[in-house]
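Model the full structure from these sequences, guided by the hints.
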Amino acid sequence: MEPLTSNKSNSYLTFKLGEEQYAAHVDKVLNILEMSPLTHVPKAPEYMKGVMNLRGAVLPVIDARIKFGMEATEYTSNTCIVVLDVDMDGDSVHVGAIVDSVQAVIEIKTEQILPLPTLGSRYKAEYIIGMAKLDNKFIIILNMDAVFSADEITTLKIEAETTAMAEETAEAEAPTEAN
Amino acid sequence: MDDFRTKFIEEASELIEKMEDALLDLEKSPDDENLIQLVFRVMHTLKGNSSMFGFEQIEKFTHNLETIYDLVRNQQLALSEEIINTTLACVDHLKNMLDESNYEDSDFMTTHNGLMAKILYIANPSEHPMGTDGASPSPTAPQSTPAQPEELATYYILFEPHETIFNNGTNPLYLLDELSELGQIKAFAHLNRMPAFEQLDTDLCYTYWEIFLSTDKDLDAINEVFIFVESDCKLDIQKISDVNILNNNKFIGELEELVRTKSDIGLASAQQLAMRSTSQVKHAKAEVVKKERINTREKNVSSIRVSSEKLDSLMNLVSELVITQARLSLFDNQHDVHGLTPIVESVQKLSRQLRDLAFGIVLIPIENLITRFQRLVRDLSVELKKEVDFIADGTDTELDKTIIDNLADPLMHILRNSLDHGIEEAEVRIAHGKPVKGTIKFKAYYSGASVIIQISDDGAGMNPEAIREKAIQKGIIAPERKLSKKEILDLIFLPGFSTASKVTDISGRGVGMDVVRKKIAAIRGEVDVDSELGRGTTITIKLPLTLSIIDGLLVSINKTSYVIPLAAIKKIYAVDKKLKYGSFNNLKTLDDEQIPFFSLRKEFNLTPSDEQMEQIVVVNFEDSNVGLVVDHVEGEYQAVLKPLGRHYKSHDIFSGATILGNGTVALVMDTNKIIKMFAHLTH
Chain Z
44 MEPLTSNKSN SYLTFKLGEE QYAAHVDKVL NILEMSPLTH VPKAPEYMKG VMNLRGAVLP
104 VIDARIKFGM EATEYTSNTC IVVLDVDMDG DSVHVGAIVD SVQAVIEIKT EQILPLPTLG
164 SRYKAEYIIG MAKLDNKFII ILNMDAVFSA DEITTLKIEA ETTAMAEETA EAEAPTEAN
Chain Y
356 MDDFRTKFIE EASELIEKME DALLDLEKSP DDENLIQLVF RVMHTLKGNS SMFGFEQIEK
416 FTHNLETIYD LVRNQQLALS EEIINTTLAC VDHLKNMLDE SNYEDSDFMT THNGLMAKIL
476 YIANPSEHPM GTDGASPSPT APQSTPAQPE ELATYYILFE PHETIFNNGT NPLYLLDELS
536 ELGQIKAFAH LNRMPAFEQL DTDLCYTYWE IFLSTDKDLD AINEVFIFVE SDCKLDIQKI
596 SDVNILNNNK FIGELEELVR TKSDIGLASA QQLAMRSTSQ VKHAKAEVVK KERINTREKN
656 VSSIRVSSEK LDSLMNLVSE LVITQARLSL FDNQHDVHGL TPIVESVQKL SRQLRDLAFG
716 IVLIPIENLI TRFQRLVRDL SVELKKEVDF IADGTDTELD KTIIDNLADP LMHILRNSLD
776 HGIEEAEVRI AHGKPVKGTI KFKAYYSGAS VIIQISDDGA GMNPEAIREK AIQKGIIAPE
836 RKLSKKEILD LIFLPGFSTA SKVTDISGRG VGMDVVRKKI AAIRGEVDVD SELGRGTTIT
896 IKLPLTLSII DGLLVSINKT SYVIPLAAIK KIYAVDKKLK YGSFNNLKTL DDEQIPFFSL
956 RKEFNLTPSD EQMEQIVVVN FEDSNVGLVV DHVEGEYQAV LKPLGRHYKS HDIFSGATIL
1016 GNGTVALVMD TNKIIKMFAH LTH
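Each protein sequence line maps, in turn, to chains Z and Y. Here the first sequence stands for residues 44 to 222, where the numbers follow the numbering used here. Here the second sequence stands for residues 356 to 1038, where the numbers follow the numbering used here.
It should be emphasised that the hints constitute simulated quantities derived from the structure, not laboratory data.
In silico DSS-like links for lysine-lysine, alpha-carbon gap of 25 angstroms or less: (1) Z:71 <-> Z:59; (2) Y:373 <-> Y:798; (3) Z:86 <-> Y:1031; (4) Y:925 <-> Y:704; (5) Z:86 <-> Y:1004; (6) Y:873 <-> Y:1004; (7) Y:957 <-> Y:925; (8) Z:71 <-> Y:1004; (9) Y:373 <-> Y:756; (10) Y:957 <-> Z:86; (11) Y:1028 <-> Z:86; (12) Y:605 <-> Y:383; (13) Y:840 <-> Y:873; (14) Y:362 <-> Y:373; (15) Y:914 <-> Z:86; (16) Y:637 <-> Y:541; (17) Y:541 <-> Y:605; (18) Y:415 <-> Y:450.
Have a look at this one:
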């Protein structure tokens, strides 16, 4: 599963958190690993699951469920660590994200990406690039740089809000689109 | 070709820095021939290099400068303060000259021409020898310097005028004056023949002299001085040494002692003393020559230029090697392969040595910064008209190059503050009964795995009340808040706080101590302040020794491995858990000492273990000992520090992580921060 790179393509990696499908641009994805033992870092925020050895470097791993304000679940054989290359204040930083399962690499054309409905001021648009509807299912396209580089504590709060909002939006949007 | 020019500029900057260094030393000991030689040599090299690479202006400039020091080292020109000041100004100018674009700047050219004229003025009048004594070597023949002192010899002269010497109009003192023109003299006047006052005849001379003269003239020249009084006195001139022994303090001291006890020295004892001193002086001279040779040899070896990229990759490779070696050791432990263990052990030994060596390479002495600081203090003290002594101690303390590079600015800032706000004006100092000259001390030393740098002044100190008021006024603290003195002093590190009541040119440019703290924190350092009103201020900076590999103790807590830096550890005790929890107030008596302890299991929010025995690792914490309770101690471990990454940036109780032989990650504890955190939580 080594390089998932493409020349600024329309390819996105989709993954699941709970029932929700999310997508990240493949340029941001370095690697997909099986869930492996982590070294827990005491006193760190709950979503900071620990660190692991990735080819001689120390990789911080974040539980995406907790980070997005969802309930933590047991890890299964489908649980994966998506190694991301995110941009933090101009530096490229590697971070692992634990997701429930990795789905597929799909093509989403730019015109297929729908802007977020402006449902109210609570919506933190900078974390979400947009939404796409494929096979009657909504996929939330995340801005990985923003999601995984923002200051941990505020992010947690805002993310919890954002995800809740995203779910709401998806639900609210679905029937209208179906019509 | 551009490549060569860059190299030249790099090398020239180094040479100029070296010259500045030597000049500042020279200012303190202007008679040091070695330093004069050094300055000359550096100038000479600079001249040679610049002509080779086509920097004609620099070549011309240094050529003239070199002329001055050629005269100085040939003792045709006395090294005056003016010369040193001019040379220092030239050093500054030379730095600018390296940037050729400056030549179009008219200000620059004015300075250039001004300095050039000054140099020529200093060099020129001295082309006519100052008339000390003839035979001086011509400036075009720069032979080994102290040609003249070598030819000096010391004479003993007994000059005993007849009582009637005044009758023909001779003043014996004029003779002594004349003698002193031949060289260095030391005269002992004997007044023991002086009669009682009533019997004193003012027309008679009762005094006689014993004179020691060191000169390069021969016996005839000395005799010539006495040529007109030969018949009116008793004269005895004897050569007692073929070197100058009058600078030998011991010899002079012994002579003075003799005069005090016996009044007369006498030729015999003079000869005896002289013989001893002669051998001493000769010996010392040989020593100097030898030292000089050693110095040059050392210097030849010590300067090798390696690009920092090469060093970086060396460090990375060594780190990889250390990790691989750990894997090998683990493999050896798990598999019983015949003959493997001794090989693994020697690989371990070698990699440790290699590691220490490699890390030693990137360490540079803090001395590299000191020259800049001395210059700063010197210039500022002139500008502010405050007399200040700058004393640097422990300058051979070594630190990682990156740390040194990042240290310069904050330290400069602290020094500027000390000079500008710390040290008072001369009148104020006198009024407070302090010595007129202020002192700024710079001290660096090792303390465990850290290096401590202290900058202290004996100036006005800081007034906690004034700081408090200011903080309240600026809305930094609430008026009713009670703060300890340390907490108040700590306020100066907050953004937007500047103690200077008036903005001066030197400090108070809006950059405050908050920037100093931020910059030092960026290299994992800590900065503290202590001040006594009226006594002075001390700023203490604590820095990590190196940034990448540490010797640690591998421990485990709840089956997870952690590394505690060995440098912080004092002792390890195995304790029965039952006994420990019976102890009062988290204090445990170990070796008759009450030691507060923290259970890491508890503090890390883990469930208590059911094992009977635990280990208490006693570590150093701010001058006292604190115990950290862990499950097991695994052993010593060299940890290659890897950053935990930006995501754990604010989580600083771990200074990093390391990868163990089995591929898992162990966290490296920062014991100071951990204890601080726990101590805070329990309060």
